[in-house]
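*Asks:* According to UniProt numbering, the residues represented by the sequence shown are 1 to 300, in order.
Watch out, some of these pointers could steer you wrong.
[To be verified] Simulated restraints, written as ranges between beta carbons of each label pair:
1. F60 <-> W166: 29 to 37 Å
2. G247 <-> L195: 48 to 56 Å
3. L284 <-> G247: 28 to 36 Å
4. G31 <-> L116: 44 to 52 Å
5. V92 <-> L39: 36 to 44 Å
6. V186 <-> P56: 45 to 53 Å
7. G51 <-> I111: 35 to 43 Å
8. A190 <-> A28: 30 to 38 Å
9. A249 <-> L282: 23 to 31 Å
10. T49 <-> I151: 48 to 56 Å
If you're looking for bench data, these hints aren't it; they were derived computationally from the structure.
All C-beta atoms in this analysis are idealised placements derived from N, C-alpha and C, irrespective of residue type, glycine included.
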Amino acid sequence: MSRIFNSMRDGVGFDLILVGAALLFLFALAGLPLVYNVLMSFQQVDMFTLGTLIRPWAGFDNYVAVVREPAFWLVTRNTLIFVFASMAGQFVIGFSLALFFAQKFPGAATIRGLFLVSWVMPGLVVGAIWSWILSGDFGVLNTILRALGLIDGIVFWKSDPNYSIWAVVIANIWLGTAFNMLLLAVGLAAIPRDLYEAAELDGANAFQRFWTITLPMMRSTIGAVLSLGLIGTLQQFDLFPAITEGGPASTSTVAGYWSWQMSFQLYDFAKGATISVMMFLLVLFASVIYVRSTRHEVRG
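Kindly generate the complete structure, drawing on both the sequences and the hints.
*Replies:* Set out below in structure tokens:
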């Protein structure tokens, strides 16, 4: 014991203690709940068995039951639309803003900082703001679209089954664009300026420089941004209760919100856990892509 205390006093092994404390913290607050949730997806859990340690074993019956739910394919479609439309919008707008602010002009840093306001705002606040903006009767978006001549009447973004999922997509794009812009701007700043100058001397135009220099040099950054965007979008929850509450008729319900409804509105905790485990597998897949996309940078 004296040798251990002496090593700690001399600083040898103190870093292992810090790492061990962090791992213990993660295991207690993330690892155990994850294991508990996975275990619950293979059991029969309701209001009567939630507080018990030993529950009836269900095996894969919960997974089969979730797939057979009438709303499963609608929720799957909504989830795919929400994830890919949000990621595409956030990436395209964020990349465009990153390229724009990469140009040197007065006030660029100040204006770029204003875009970060959406990123630091809580999701429920963003949802409340966009709930007002997307309102059919007095919403600002309808007023702007009518002034531009793009629509003639009123579009009920939140209550129309054809537009409800897109209402949440618009809000989520606004919420995540700043994060994409920030990461992509860091990737752009890491590209040596000499490459652009040499390409310009060789007669390459702006599009050719973007296609042959910017995109290849930012491959790992783009992979990381898309992977983190997938993880963040799959975990998005706050916007749905604030804007559409999953309606009308589940036309804007995605997997994460459906899991919450199963657990805390219908009290079918087993199915709620099963849906969250399915989502976890997708997040794990995105995490693997993220690690692989950043592995080259870590080794470099």
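*Asks:* Next step is simple, just say for each hint if it's right about the structure.
*Replies:* Hint check results:
About 35 Å separates the C-beta atoms of F60 and W166, a value consistent with the hinted range of 29 to 37 Å. Range check, G247 to L195: Cβ separation about 51 Å, and the 48 to 56 Å hint holds. For the pair L284 and G247, the supplied restraint of 28 to 36 Å holds, since their beta-carbon distance comes to about 30 Å. Between G31 and L116 the CB atoms are about 32 Å apart, so this pair departs from the stated range of 44 to 52 Å.
Separated by about 41 Å at the C-beta atoms, V92 and L39 satisfy the suggested range of 36 to 44 Å. At about 51 Å, the CB distance of V186 to P56 agrees with the hint of 45 to 53 Å. Here the CB-CB span from G51 to I111 is close to 54 Å, at odds with the stated 35 to 43 Å. In this structure, A190 and A28 meet the distance hint of 30 to 38 Å, their C-beta atoms being roughly 37 Å apart.
About 25 Å separates the C-beta atoms of A249 and L282, a value consistent with the hinted range of 23 to 31 Å. About 51 Å separates the C-beta atoms of T49 and I151, a value consistent with the hinted range of 48 to 56 Å.
In the structure shown, a violation is registered for the earlier hints numbered 4, 7, in ascending order.
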